[in-house]
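Protein chains: 4
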Amino acid sequence: MTFVLGPNQYGKAENRVVRIYRDTARHEIRDLNVSSALRGDFTDAHVTGDQANVLPTDTQKNTAFAFAKQHGITSPEDYALALGSRFLDVTPAATASRVEVEEYAWDRIDVGGQGHDHAFARRGGEVRTTVVTQDRSGDTPRQWVVSGLKDLVILKSTGSEFKGFLQDEYTTLQEADDRILATSLVARWRYETTEGVDWNKSFDDIRTVLLETFATTYSHALQQSLYAMGSAVLESHPEVAEIKFSAPNKHHFLVDLSPFGVENDGEVFIAADRPYGLIEATVQREGGSDAGDAWLTVPGFC
Amino acid sequence: MTFVLGPNQYGKAENRVVRIYRDTARHEIRDLNVSSALRGDFTDAHVTGDQANVLPTDTQKNTAFAFAKQHGITSPEDYALALGSRFLDVTPAATASRVEVEEYAWDRIDVGGQGHDHAFARRGGEVRTTVVTQDRSGDTPRQWVVSGLKDLVILKSTGSEFKGFLQDEYTTLQEADDRILATSLVARWRYETTEGVDWNKSFDDIRTVLLETFATTYSHALQQSLYAMGSAVLESHPEVAEIKFSAPNKHHFLVDLSPFGVENDGEVFIAADRPYGLIEATVQREGGSDAGDAWLTVPGFC
Amino acid sequence: MTFVLGPNQYGKAENRVVRIYRDTARHEIRDLNVSSALRGDFTDAHVTGDQANVLPTDTQKNTAFAFAKQHGITSPEDYALALGSRFLDVTPAATASRVEVEEYAWDRIDVGGQGHDHAFARRGGEVRTTVVTQDRSGDTPRQWVVSGLKDLVILKSTGSEFKGFLQDEYTTLQEADDRILATSLVARWRYETTEGVDWNKSFDDIRTVLLETFATTYSHALQQSLYAMGSAVLESHPEVAEIKFSAPNKHHFLVDLSPFGVENDGEVFIAADRPYGLIEATVQREGGSDAGDAWLTVPGFC
Amino acid sequence: MTFVLGPNQYGKAENRVVRIYRDTARHEIRDLNVSSALRGDFTDAHVTGDQANVLPTDTQKNTAFAFAKQHGITSPEDYALALGSRFLDVTPAATASRVEVEEYAWDRIDVGGQGHDHAFARRGGEVRTTVVTQDRSGDTPRQWVVSGLKDLVILKSTGSEFKGFLQDEYTTLQEADDRILATSLVARWRYETTEGVDWNKSFDDIRTVLLETFATTYSHALQQSLYAMGSAVLESHPEVAEIKFSAPNKHHFLVDLSPFGVENDGEVFIAADRPYGLIEATVQREGGSDAGDAWLTVPGFC
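Chains as they are written, first to last, in the numbering used here: chain A, 1 to 302; chain B, 1 to 302; chain C, 1 to 302; chain D, 1 to 302.
No lab work stands behind these hints, which were simulated from the structure alone.
Fair warning: there could be bad hints in the mix.
Copies of the same chain look alike in the list, so a pair counts if it fits in one copy or across any two.
[Said to hold, decoys possible] Straight-line C-alpha distance at most 27 Å; calculated DSSO-like pairs for lysine-lysine:
| hint | residue 1 | residue 2 |
| --- | --- | --- |
| 1 | 250 | 150 |
| 2 | 250 | 69 |
| 3 | 250 | 201 |
| 4 | 201 | 163 |
| 5 | 250 | 163 |
| 6 | 69 | 201 |
| 7 | 201 | 150 |
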């Protein structure tokens, strides 16, 4: 029997690229975590060890840093598109490139009511993400941009219930009319196109829609909150083809204070670590565009 | 325009199930991290918030713990198969179940040359894994077992080179005749069948083949080491249909001691954190069986 | 030879207490991580195993949750003082109590320009801390409050140098006239008193002083920035007896782009993980008050 | 009012030093995480920013790597003593040095029943530690070695009880006659002397004593197990002056399966994350030697 190389990719992961724009005294900072990978026919590299077709991961790293200057970073998406194209250009054996970027936000430190020119505090909280895939294996080259955010921890202290669920002999859960709903949201959306999108504006607006919809939607379940959030994004953003969520239900259990004669009417909770519910869902346009390889190796969404 | 629910799944993640077998004075321990999920037509739960079709994640948790006793845990695979079947049985709306298990190994504490009856030390190092998927959406129900290990940190202090690679204008890497090769291996393999396999024996033997092949293969690149390891597994284990690897190249850079007049001929290295090469590869049987949904939502491998 | 019990403490660590104030439709949230411990003569518990003097950690946990309602949480410090007193009251063998609190901040989700009544997003970034120690081992009971923050990641993209340092034969570092200075700040300060302090206001103001001083101080070294920050706090806050810092120098190395013919004049950096400089310093009032056991078992500061 | 510099130290943390001994075909590996720090009168560096007395952390890093070759690594303790002495020799302003080392163990990969010459698997599990302090601030120079281990996860599935404890109105805990006892042990012991100790042998033997005593001691409480373990070490190791423990009580709660009609007689547990009991204790020789600054800034033990 013969063995063959199946799906594969290789690259340099987690290049911590920090770019300072210092053309004026008022600096700007972009703080990225960049991972690149190439797919293709790298059979020789695997089977015989011949590396003649392999652009080393070290070279991918060098390019990621050089492009921070040569191409610049106006948005994670624009930078990732440029980087991925470059890797295809110089690697004949590659049929596809994949560039993943995480961006950490920084705020200017406030001094006397004014943001400082060159002193910053990292915002913390959620991380902006993009995964850009460019494929030339078929007749027509294709490219996809899947952007999003992760680690956005949100909570509603009321306006959430969970009841009317299926029961079996292992059911012990009580129905809840009023509970805390909390999650550490991961959302990723696929853009219909890679041209003509204002990446930064789209990101900011979609983030706002997600937060506002979460806040204002009465929740029958986390699934239903997510679906409402996704629908609101598709409704307001024609440039988005579909949106996917991965949302741990971060349980906050009401603590039983009755043994101590203390009432607890939704006031004292224990935030639990594990286990946690995990809800994963996609909201799509009916008859929407083909996703192709857009979601291939997107962490948590394939 | 109308929006629709796309691919989705939900369940309880990371149930930390510890099962003690204490039928004799010589106890046994199985220490698992269990995550279950259901897929199917859960449109109502998402769109209207009606949970009538939803087996709560809390119930999935209860079942995971109850089955640790009622079904028992002879292997992660056997336990996961039973649990996944159960969830399909009691959830008509579900078309598929997915049960993922991580197992942490414990060794008996040695007392005077003998393993103690009921005192254990956690082995540390790698974690055994399985992802079992059962699908009844088509005409014929199907089930897949993808088992493996993760966090197996291995290193060769010689017998590894990297040269003859593709060059471009961003190349600065020097060719290496003798370097450290190290990775934190994740390997997952799909079994051809879910019946008649001795899960524990297969796991132990495959682990041995992986380690021995890594040790004894002269490495032209991490890709080639992985391919050799995968081929050796397929060669010796007909019950394995294919094997996939995700292997960070944990760089150990030779430290330049020449400014201090100190020679460093492969003796002093700095172990780097980020960035790291990341090699992902599959070794398959030529004309092998269809993987179906076996790899769907397998972390790092889809 | 005889062995004796030396310094010891025990308690319940990391109670994740979430308190919702819902007296009006506009909810408030306090999100704490609470750890309590008792010190004293617990010789029997250790030597013979007799637990008659031991208030179980489980009871400490129950009390932490009950007090979230019964005493309430207006500030971490006020809550910790109450909790620590309680434990001393009910545990005759204890000579001292220690309560450590971390607080995670939440912001209201903005909906149409207004903060929502009951929907919140976790702020991320730094964590507010306090360690409250109450000791009755001596003639006069004493209590200390050490408050602070951790994980405040701050960066200056210019206005920082490092030169004129001591040299030896292992020196390779070049002097730097203009570099990035970045740290993940941990600061803890001891209050002179435990009464009459507006804990929330003090915290907010000190945080502002730290940030503003970091931003506006030209830095000759991280040590000097910290000293300036500490002095500014002592200058403006008579209620603070002393302040301690633990500050990793999060190195951002200028990337050498010259092999590619690309200039890099302070624009492209790699953010390194390890190793990192670690600077620890105290700024005190000359002839200041005795710290007693205030810093005993304060993580990173003893 | 004047402010002054209080206790301070600075250095390079987490140098990941890997040393391969390759004098014969049978290689040896030492894998260390090295952190060094200097204490002393560094007032100028803090107050005026003058770095003339400061041996840069970068130089400390260089020295750590160079000494891996020049001095060699026969044990963490021996290497740390040499490194700390060197830093004092070349830094006149320093009154004390502190070198902390963590060591990760590797096993040879077994090939056909024989350990391979140059292929290794990281053992995982516990980490060996040492903190070496050398002080010349007083009339007589002093040095201390505090060695130990951390992250040793151990468990007894029976032979552990907890009862007879103090009760108050917040008590809900039931007495337990037979429970799981588990911890992730951190133990650190101070050696009486820094000369004439066989560091590797002492470490191995003390580790064995700790494990055997844990296994064979019937436990009335984690405190009592720790005290027994510490006493056994002092009993058998005259070179040890005192030993300290930090031991989270990793709770394994019996799962209530009675709602499902399933008995659970100590067979099915849930391993909880937070909160956890945290037990910290010291066992000393009566009238033992003065610890001086041995424990100063030892993580978790001061």
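Worksheet item: So which of the earlier hints does this model not fit?
Response: When the structure is compared with the hints, numbers 3, 4 turn out to be violated.
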